[in-house]
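Could you use the hints to bring the two separately framed chains together as a complex?
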Amino acid sequence: MTSTDVLDVRARAKREQRKRRILNVLYLLFGMLLFFVAWWLLSLEASPFYYDIPPPIDAIQHFLGNLGTSSEMRAKFVHACPDLHPDRATNWLRQVGSSLIGYKYTNEGLLPGDPRPIPLGQLPEGCYGYAIHLVVTIIRILIGATLGTVLGITIGLSSLVFPKVAQVFTPVASFFGTAPIFIAAPFFVIWFGVEVPIMTTMGLVTFYTTLLMYFFSRRAAENISVGIVESALTLGGSPRSIFRWVYLPGTVPEIAGGFRIALAGAWGLGVLVEVLGIQVGGGHLIDIWRFLIGLIEAPSALVALITFFGVLAVVVDGILVVIIRFLTRWSESGRRLGL
Amino acid sequence: MSKVVSFEGLWCVFEHRSGQLVNALQDVTFKVEPGEFVCVVGRSGHGKTTLLRVLAGLQPPTAGQIQLGETVVSGPGADRAMVFQQDTVFPWLHVRENIEFGLRAMKVPTEERESITAHWLDAVGLTDFADSWPRELSGGMRKRVALAAAMAVGSDVILMDEPFGSLDYFTRRNLHEVLLDLWRETKKTIFFVTHDIEEALILADRVILLAEGKLVDDIPVQLSRPRDEDVRASTDAVDITKTILAHLGITEEEAIQG
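For the record, the sequence lines run as chains H and A. As numbered in the working numbering, residues 1 to 339 make up the first sequence, in order. As numbered in the working numbering, residues 1 to 258 make up the second sequence, in order.
It is possible that part of the hints are untrue.
[As the list claims (entries may be wrong)] Okay, the calculated bits of chain A under chain H, using three or more residues with CB under 8 Å as the criterion:
no.	segment
1	72-84
2	92-103
3	148-159
[To be verified] A short list of chain H residues far from chain A (calculated; beta carbon distances all over 10 Å):
no.	residue
4	165
5	230
6	237
[Claimed, not checked] If we take Cβ atoms under 8 Å as the criterion, some of the chain A residues that face chain H in the derived model are:
no.	residue
7	56
8	58
9	106
10	110
11	133
12	135
Hints were generated in silico from the structure; no laboratory data involved. In this text, a Cβ means the ideal position worked out from N, Cα and C, and glycines have one as well.
Same shape as in the complex, but just chain A (with noise of 0.2 Å):
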């Protein structure tokens, strides 16, 4: 059964080389409902990935604390599945394995593991790729590996850091299908880290601005589904867009710039 995500007075405080001391998070605060698709987006060295191994709980807060319903975050499990950004899917195990992993860490019976993966295969369009292993796979097929084997485990939180920055463009609108019919179908909440505003808009049912460590804003991104390039050109879309760039202090011309 899925649950509410809090966040209560997170701080995230790391010690630089210099001695410095760097805030990666400040003071954040805020709840997340079942099932939302959540995009949290900002500049890079802004806190994202941060508040996400937080939530993972890869990384411990200095101060506050992360609730899964009434469970407060103490350490990695598998309620909370990651997608990583780099390529994480395990070379030495063939496609079948990798998406079984979880499942034999949690010792599932082996009849239900084989119907859960053979499930997870289907929906990833990976079937046919079952016994192969993951250096014969393009890097879109590997990304849908690990999905699968995030989606595998039963989590209700689903977190994926940039998962499909380093795709080309074609790739990436294919792997956002797939990610949104796998969410649609299972309603689990899904935290996605970006720094594409145009990805936020495509997924995102709400996007959680951070700048600085700090949440700057909250932003309910209430378009209609499937956004396709006429429902990111509207009015709605491009407001959403302007405002996210105000608050990362990004003029349109600079935008545009690239």
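Extracted from the complex, chain H is given alone in its bound form (with noise of 0.2 Å):
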């Protein structure tokens, strides 16, 4: 073989990867025109379904028309957004601060500002349109993911280290691990309130994730091998080093993972417990148009706001993949996981 014949396998195997590139988003594209085009059929007049599926264009047009306000939102409910505050644009703190933990305790002095709730009519228009409610529940359930993967992860970590942790939190974990967590959510709610979302929405939420975590950091850092950690210890590895070079990148690959299945799940559940009775946020939001299903526009409303969920926790997962993949770029298995 010439080096030209080498240049030129190296050229075709650039070929071939880009192609395959090019193939998967295609493969992407073709499946998401399926999903429309099913969404289409599923609403036509012949379908059974017809009177409960719009078709994919009047949800869009719904959901773009009512994001930054919602004068429909405006005219049928006399309630909206109590736990938003009107002036968010020169009091983040108590803007955020409000949404999370709940109006009634940021009113009664915790954080800086006026604390007079405001009249109904004189709420921002910004308070019924989708987007404020929609950021608020993004942001609770991506603090309560976060939350529980940091708590799980040095939980099921030191419980390596330290047995004492294990003997006390395993059986804790294994008892709640095995009843299905949404069978938990109406308890958060009735135990918290609907009052303190930090409690409910983010509190299930990063219950899960700790659980979760706890035991995919745990098979993650026992299946590194035993023969990495000897030889980490006689190259003179002390408990320090090899947590921070051995156990703490060995473990990326499976963590990772494990992040990725707890997020997918976190958002289902931070919506659900929402839908139960919280006053803000996106599960708020479809909570209301479920006691309006008669209206002429809950359909439209209703499909936008689930299709609204199952896109972002696709594009976040999409976005996941690409970090597990550069974090992970040692390993054939961490970059099989990303993919």
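The structure is reproduced here in structure tokens:
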């Protein structure tokens, strides 16, 4: 084989790789097209779901038309967003704080700013739009999942170093792990009430991700070969350096895979808790429209909101895949996991 | 500075799952001078790896002790770096970072660490692969990384547990040459566990023969170096082979039949 042949083989391999990437994108687009075609077919007059499922274009138009502010919501609902403070443009801390902790508590002087409740009629138009509700839900779920991940990994990995932690936590985690987490959702709402979303939406998401990440991080650490740890010991590795250079990087592929699973579940769980009674958030919007299913625009609203969370989960998962691929670029299995 | 390694009345007893006690090592006593290349030979399950693990500090002895100079071995440490049979290169670290691992753990200053790493990368012929991931290397190259990492921590004693067992003949022969060059350059004491008599004849100054956990013979290998095919076919080499086979209870016919 001459050097020209070698170059030719390499160029061909690159071409093949590029072709595969383009094909992957095309498959994705084809999948999305299939989804919309199926949706459109189900919305036709001949379909048994004609009254429940609007055409895709109607749902998209409804969603975009109500994103910033919603005259439909303002006209129909006496209650829109009591947790959202009107002066959010100048007091973001109060805004975020009240939407996460609950207006009742922030209005009792925990956060700076004017604590007086605002009459419904004086609430800014933005409070009636979908965007603010969806953003609040996304923030709650992401904070809950992040907190749960940090807690789960910390407890999981430290339980390997301190067996007492495992003795205490494993039975608790196993007990709650065997019960479907969705069963726990109503109890969180009943116990903590609808006025403190930090304990309900975020609490449940945190609790759920902590359990999952505990199991994933323990299993990931247990799967690190004993030979590798022994090799590190004979090279002079201290417990600290072994934790930093062996356990932390070595557990990334499994932990990252676990986080994808946990976050995928967290979207559903967070929205479910909001549907059960939280006063602000995407789930709350779904709940409102659910009660008004007889109105002409209700199916469009419901389908649009549910589809939004589906698309959001896919997009966030796609971003995670890119991050995981970077973090596990050393590992073939990690790369496969990220695909 | 290299130190004498003394094995004194070493016993290692394991409890089998059935409750039966198994003597992995029985009263093993011998001394190794600094800079010696010792091959530990024996059949599978006759205590070779256990002996090395006790020396590495990964397995406490049931009785007896090992002394490195004046110090009694009580746990693992960088003064006895080990190259394992299985692949123990850290897959998440680049080749350079793998070699640096022990130096980082010992908090060697960056400049010194980089210079030591560069030296060992060059010594094992991996300078061009310093920034590669282990998965991009062949099995033989990964063994070279493990060898360089063990050498880089500056231990007086290097322990090798059938390190080339999973490699093909040509790669193994190439690594024998790399190892012998490093040994000649550094004068480190090397303990090399193998069940391959030819490998022991190529490498060793001395063969420690273990059978059922007992030291059954301590054979000096006074063959000239380099030990090419002619040297290994010499009468002295054949005599050593016959002695080892006899101790292991294998006839020449059985050995030829494999």
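Against the structure, the hints:
no., hint, in the structure
1, 72-84, "holds (count 7)"
2, 92-103, "holds (count 4)"
3, 148-159, "holds (count 4)"
4, 165, "holds (24 Å)"
5, 230, "violated (5 Å)"
6, 237, "violated (5 Å)"
7, 56, "holds (5 Å)"
8, 58, "holds (5 Å)"
9, 106, "holds (5 Å)"
10, 110, "violated (15 Å)"
11, 133, "holds (5 Å)"
12, 135, "holds (6 Å)"
Of the numbered hints stated above, those contradicted by the structure are hints 5, 6 and 10, listed in ascending order.
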